[in-house]
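Asker: Chain order of the listed sequences is D and H.
For the first sequence, position 190 (counting from the first letter as 1) is numbered 190 according to our numbering, and the numbering increases by one without interruption.
For the second sequence, position 254 (counting from the first letter as 1) is numbered 254 according to our numbering, and the numbering increases by one without interruption.
Quick caveat, the hints were computed from the structure, so don't treat them as lab data.
Note that the coordinates shown come from a computational prediction; the quantities given were computed from them, not determined experimentally.
Hints are not guaranteed to be accurate.
If several chains are the same, the list does not tell them apart, and a pair holds so long as it fits within one copy or across any two.
Unchecked claim - Below are the DSSO-like pairs computed for lysine-lysine, each with C-alpha atoms no more than 27 Å apart in a straight line:
| no. | residue 1 | residue 2 |
| --- | --- | --- |
| 1 | K92 | K145 |
| 2 | K172 | K189 |
| 3 | K109 | K149 |
| 4 | K164 | K149 |
| 5 | K335 | K145 |
| 6 | K269 | K289 |
| 7 | K70 | K172 |
| 8 | K92 | K172 |
| 9 | K269 | K335 |
| 10 | K189 | K289 |
| 11 | K289 | K149 |
| 12 | K180 | K109 |
| 13 | K66 | K149 |
| 14 | K149 | K172 |
| 15 | K70 | K335 |
| 16 | K172 | K145 |
| 17 | K180 | K145 |
| 18 | K335 | K189 |
| 19 | K92 | K70 |
| 20 | K145 | K189 |
| 21 | K164 | K109 |
Read off the chains here:
Protein chains: 2
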Amino acid sequence: LEARNYEALRDYLSELHPYEIASLLEEFEEPEQITILSLTPPETAAEALEHLDYDDQYRLLDHSDKAVAKAILAAMGRDAIADLLMAIHPNKAQQIMAMVPEEDLESIKYLMTYPEDSAGGIMSLDYIQAREYWTIEQVIRHFRKVGQKQSIANYIYIVDAIGKLVGVLSLKELLLNDPKSLVSDVMHKNIITVLATADQEEAARIMSQYDLMILPVVNDQGRLVGVITADDIMDVIEEEDTEDIHRLGGSQPLELPYLESSLMTLFSKRIGWLVFLFVVQAVTSNILKYYENVLSSVVTLAFFIPLLADVGGNSGTQASSLIIRALALGEVTVKDIAVILFKELRVSGLIGIVMGFIGYFFAWAISGSATIGMIVACTLIVVLIMSSTIGAILPILGRMCRVDPAVFSAPFITTVVDITALTVYFNIAIRLLNID
Amino acid sequence: LEARNYEALRDYLSELHPYEIASLLEEFEEPEQITILSLTPPETAAEALEHLDYDDQYRLLDHSDKAVAKAILAAMGRDAIADLLMAIHPNKAQQIMAMVPEEDLESIKYLMTYPEDSAGGIMSLDYIQAREYWTIEQVIRHFRKVGQKQSIANYIYIVDAIGKLVGVLSLKELLLNDPKSLVSDVMHKNIITVLATADQEEAARIMSQYDLMILPVVNDQGRLVGVITADDIMDVIEEEDTEDIHRLGGSQPLELPYLESSLMTLFSKRIGWLVFLFVVQAVTSNILKYYENVLSSVVTLAFFIPLLADVGGNSGTQASSLIIRALALGEVTVKDIAVILFKELRVSGLIGIVMGFIGYFFAWAISGSATIGMIVACTLIVVLIMSSTIGAILPILGRMCRVDPAVFSAPFITTVVDITALTVYFNIAIRLLNID
Chain D
1 LEARNYEALR DYLSELHPYE IASLLEEFEE PEQITILSLT PPETAAEALE
51 HLDYDDQYRL LDHSDKAVAK AILAAMGRDA IADLLMAIHP NKAQQIMAMV
101 PEEDLESIKY LMTYPEDSAG GIMSLDYIQA REYWTIEQVI RHFRKVGQKQ
151 SIANYIYIVD AIGKLVGVLS LKELLLNDPK SLVSDVMHKN IITVLATADQ
201 EEAARIMSQY DLMILPVVND QGRLVGVITA DDIMDVIEEE DTEDIHRLGG
251 SQPLELPYLE SSLMTLFSKR IGWLVFLFVV QAVTSNILKY YENVLSSVVT
301 LAFFIPLLAD VGGNSGTQAS SLIIRALALG EVTVKDIAVI LFKELRVSGL
351 IGIVMGFIGY FFAWAISGSA TIGMIVACTL IVVLIMSSTI GAILPILGRM
401 CRVDPAVFSA PFITTVVDIT ALTVYFNIAI RLLNID
Chain H
1 LEARNYEALR DYLSELHPYE IASLLEEFEE PEQITILSLT PPETAAEALE
51 HLDYDDQYRL LDHSDKAVAK AILAAMGRDA IADLLMAIHP NKAQQIMAMV
101 PEEDLESIKY LMTYPEDSAG GIMSLDYIQA REYWTIEQVI RHFRKVGQKQ
151 SIANYIYIVD AIGKLVGVLS LKELLLNDPK SLVSDVMHKN IITVLATADQ
201 EEAARIMSQY DLMILPVVND QGRLVGVITA DDIMDVIEEE DTEDIHRLGG
251 SQPLELPYLE SSLMTLFSKR IGWLVFLFVV QAVTSNILKY YENVLSSVVT
301 LAFFIPLLAD VGGNSGTQAS SLIIRALALG EVTVKDIAVI LFKELRVSGL
351 IGIVMGFIGY FFAWAISGSA TIGMIVACTL IVVLIMSSTI GAILPILGRM
401 CRVDPAVFSA PFITTVVDIT ALTVYFNIAI RLLNID
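My request is simple: use the sequences and hints to build the entire structure.
Answerer: Rendered as structure tokens:
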């Protein structure tokens with residue numbers, strides 16, 4: 001196929017979807033990549049580039065023929081260009097800016113003023129406005145003039161004289177309504193919007209709650225400044241969930257896919273938490289040292305240390321992951337803390353009774369002592385109740401203090417629970433065995 | 001507001017978004033709910049009902065005036081009715097079916113043949129078909145006739161004589177193209193589709209990769225049978241991620257939000273794993289009992305048991321959560337097992353050296369013995385390498401055996417790692433301390 005048959009290649013490429021072009025680009029080296037880009041329709045090439053990482057976008061635009069690069073940049077969404085410019089070195093950004101169509105520069109600079117993870121940072125400027133005093137016919141004529149760009153969405157936003165968003169019309173309604181009717185009579189007036197400065201998670205929550213395909217973004221004066229589409233929001237949801245899952249596993253979130261992350265990235269994202277947790281967990285050694293005489297007189301007690309610590313860790317992890325997810329989905333807020341506490345106390349009480357019963361017979365069988373069985377059973381009940389409540393409450397306290405609830409990960413909860421479990425265990429043992 | 005001023009209330013309700021009606025319904029008791037529903041436009045009421053759980057949907061439809069219920073059911077998406085019918089008791093389903101418009105019954109029964117979590121189970125039937133030999137003008141006329149339903153999407157699907165999907169046109173293209181041109185000349189022919197029998201996760205992956213707002217669903221003959229919209233897919237993504245996070249925390253996924261789950265549900269979703277893990281972890285007690293004489297001669301060894309077990313658990317959890325997420329996103333497949341293994345060996349080797357160094361000095365300080373320091377350091381290195389590789393490989397083996405990788409949760413990994421850590425620890429201790 002790469003045998004210089006450019007005409008056949010051009011036909012083939014023009015039928016492909018941008019994502020397929022991107023996959024194709026990833027399979028080849030630079031000379032072929034440049035050829036493929038130059039033979040792809042600029043609209044498709046522009047969308048294909050958005051699937052690549054920023055360094056590759058820059059490299060391909062920089063190394064392409066200047067006319068090709070200019071055509072691609074003209075077809076690219078202004079939000080995609082803004083994202084690219086913010087991600088690369090300022091010198092390189094200058095080079096790209098020099099090739100961007102003059103009329104797009106101002107709005108790209110405007111987009112760059114919003115933080116990357118805000119609603120303004122992910123919004124697109126490819127929407128169409130109309131006035132409320134127009135007729136449907138006028139809107140259709142306007143749309144025919146300005147609606148050519150591929151990424152333009154299926155809604156027309158209606159603004160008043162000062163640019164304030166007052167209504168919305170779908171293309172379907174344009175087609176179905178009488179051409180003579182007034183926009184203000186047929187438009188929807190109750191519009192759900194999001195502030196440009198809001199967090200992207202906020203935008204995702206609104207779109208998923210209201211089942212929206214597109215969400216208009218307004219500034220604090222209520223003026224329409226952009227739109228967010230459902231396909232952008234899917235990426236946001238996946239990105240945020242990935243971050244939470246990485247944090248829950250006790251590592252800093254990776255920015256790149258696992259296979260593309262370098263050895264040093266993986267090392268540095270993981271070692272920090274491991275060392276921090278090691279230092280905290282080292283307290284357990286001090287606790288055991290403190291109870292050395294109890295341990296030496298009844299070595300059997302040591303048999304159940306890992307078991308008790310693990311059971312506490314397990315139930316704390318269960319509770320914390322349920323609450324962290326509920327917080328992320330907005331099902332639970334900090335106001336529910338008392339309800340959650342009460343619920344966890346009852347659930348873990350039930351769990352404690354069942355597990356205490358099992359633990360009693362197990363410890364009796366291993367140690368041959370009913371007293372040890374009793375010690376293990378009592379510890380299990382206390383530890384299960386404590387670990388569930390700690391696991392459930394810590395993420396909520398985190399949210400209150402504006403810490404990501406997901407840092408209260410399995411390893412973190414395990415550490416906190418281990419320390420309390422050991423202290424409880426030895427105190428119950430001292431009492432029931434009459435050691436001092 | 002509830003002071004019988006029905007006219008004002010009707011005006012107020014007609015301006016609200018379905019999600020807002022649903023929130024309103026949740027605040028009131030049944031008599032008010034029935035009143036609200038009867039005063040809301042049926043189209044909005046139908047969408048509002050979809051936000052409630054199935055029992056409430058049934059109860060409100062059953063207790064509403066029959067004419068109101070019929071109007072709402074006529075406005076409801078056929079996919080939403082099918083979901084409702086599958087979720088409630090067959091007798092109740094019969095009652096609802098009796099109120100569904102005759103012409104919808106067959107397609108609702110057809111939808112019910114697909115499993116709930118398949119592409120067919122989440123697809124909607126509200127799409128519009130046209131023929132490839134039509135002109136744009138004909139399509140617009142057809143659309144004006146059949147496009148009234150609110151949930152109809154912004155695309156027209158083009159099928160051939162036997163119903164095979166051959167192209168797609170957006171409403172935008174209807175508006176922008178010359179009314180005289182032929183559909184087959186302007187339609188897009190390279191269409192991304194999904195099989196109705198495919199998993200809903202597959203549909204989500206395709207839509208998010210290709211950045212699609214709508215995905216046509218075909219049967220195995222290539223005939224168009226439905227469409228999936230981005231707002232449905234957002235729910236799927238959130239649902240699947242919630243399941244993964246619950247599993248990673250070591251509990252069975254909850255179907256209802258945390259606050260709405262009953263005490264017995266929370267108990268039963270959590271107790272199973274806790275008991276299972278307890279039984280496996282009980283092995284640690286047997287290991288310690290086996291090494292009782294080593295422990296009694298050097299009680300100091302017990303000081304580091306929880307620490308070593310925790311460090312292994314931490315690093316295993318890190319590795320497993322990174323790999324589980326990468327598998328869920330399709331970034332990694334079972335074919336990458338060798339690459340991952342090699343990567344984890346190197347990363348964990350680095351981590352092991354750093355942590356071994358820290359552990360050596362710490363254990364020396366606590367125990368006053370450089371030999372104990374050495375034992376702890378060596379165990380740390382071995383345990384860190386083992387736990388990372390086990391944590392990374394188990395989810396992949398799970399995927400190979402068609403087990404959800406997310407069952408290799410933090411608690412599960414911790415358990416496996418604890419058992420190996422203790423065995424390694426005592427074997428190193430016996431060798432370095434010359435005990436036998």
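Asker: Decide, hint by hint, whether the structure agrees.
Answerer: Structure-based check of each hint:
Taking CA atoms no more than 27 Å apart as the test, K92 paired with K145 passes in neither setting, with 34 Å inside one copy and 53 Å between copies. Within a single copy, K172 and K189 get their C-alpha atoms as close as 16 Å, and across copies as close as 22 Å, so both meet the 27 Å cut-off. Taking identical chains as interchangeable, the C-alpha atoms of K109 and K149 lie at most 27 Å apart only when both belong to the same chain, with a minimum of 20 Å there against 41 Å between chains. Proximity of K164 to K149 under the C-alpha cut-off of 27 Å is restricted to the intra-copy arrangement: shortest distance 24 Å within a copy versus 29 Å between copies.
For a Cα distance limit of 27 Å, the shortest separation of K335 from K145 qualifies neither inside one copy, at 51 Å, nor across copies, at 50 Å. For the identical chains of this complex, K269 and K289 are neighbours neither inside a copy (32 Å) nor across copies (38 Å), given an alpha-carbon limit of 27 Å. Taking the shortest Cα distances, K70 and K172 sit within 27 Å of each other only across copies (26 Å), while inside one copy they are farther apart (34 Å). In this assembly of identical chains, the alpha carbons of K92 and K172 never lie at most 27 Å apart, being 43 Å within a copy and 36 Å across copies at closest.
In the homo-oligomer, the alpha carbons of K269 and K335 lie at most 27 Å apart only across protomers (25 Å), although the nearest pairing inside one protomer, at 33 Å, exceeds that limit. Taking the shortest Cα distances, K189 and K289 never come within 27 Å of each other, neither inside one copy (70 Å) nor across copies (74 Å). For the identical chains of this complex, K289 and K149 are neighbours neither inside a copy (72 Å) nor across copies (73 Å), given an alpha-carbon limit of 27 Å. In this homomeric assembly, K180 and K109 never come within 27 Å of each other (Cα to Cα): the closest approach is 39 Å inside a single copy and 42 Å across copies.
Only within a single protomer do K66 and K149 lie at most 27 Å apart by alpha-carbon distance; the minimum there is 22 Å, versus 48 Å between protomers. For the identical chains of this complex, K149 and K172 are neighbours both inside a copy (18 Å) and across copies (10 Å), given an alpha-carbon limit of 27 Å. In the homo-oligomer, the alpha carbons of K70 and K335 never lie at most 27 Å apart, since the shortest distance is 53 Å inside one protomer and 40 Å across protomers. When the C-alpha separation of K172 and K145 is checked against a cutoff of 27 Å, the pair qualifies both within a copy, at 18 Å, and between copies, at 12 Å.
With identical chains, the CA atoms of K180 and K145 are at most 27 Å apart both within one copy (19 Å) and between copies (18 Å). Proximity of K335 and K189 under a CA criterion of 27 Å is satisfied in neither setting, with 33 Å inside one chain copy and 53 Å between copies. In the homo-oligomer, the alpha carbons of K92 and K70 lie at most 27 Å apart inside one protomer (15 Å), although the nearest pairing across protomers, at 63 Å, exceeds that limit. Taking the shortest alpha-carbon separations for K145 and K189, both the intra-copy value of 25 Å and the inter-copy value of 25 Å come in at or below 27 Å.
In this assembly of identical chains, the alpha carbons of K164 and K109 lie at most 27 Å apart only when taken from the same copy (22 Å versus 47 Å across copies).
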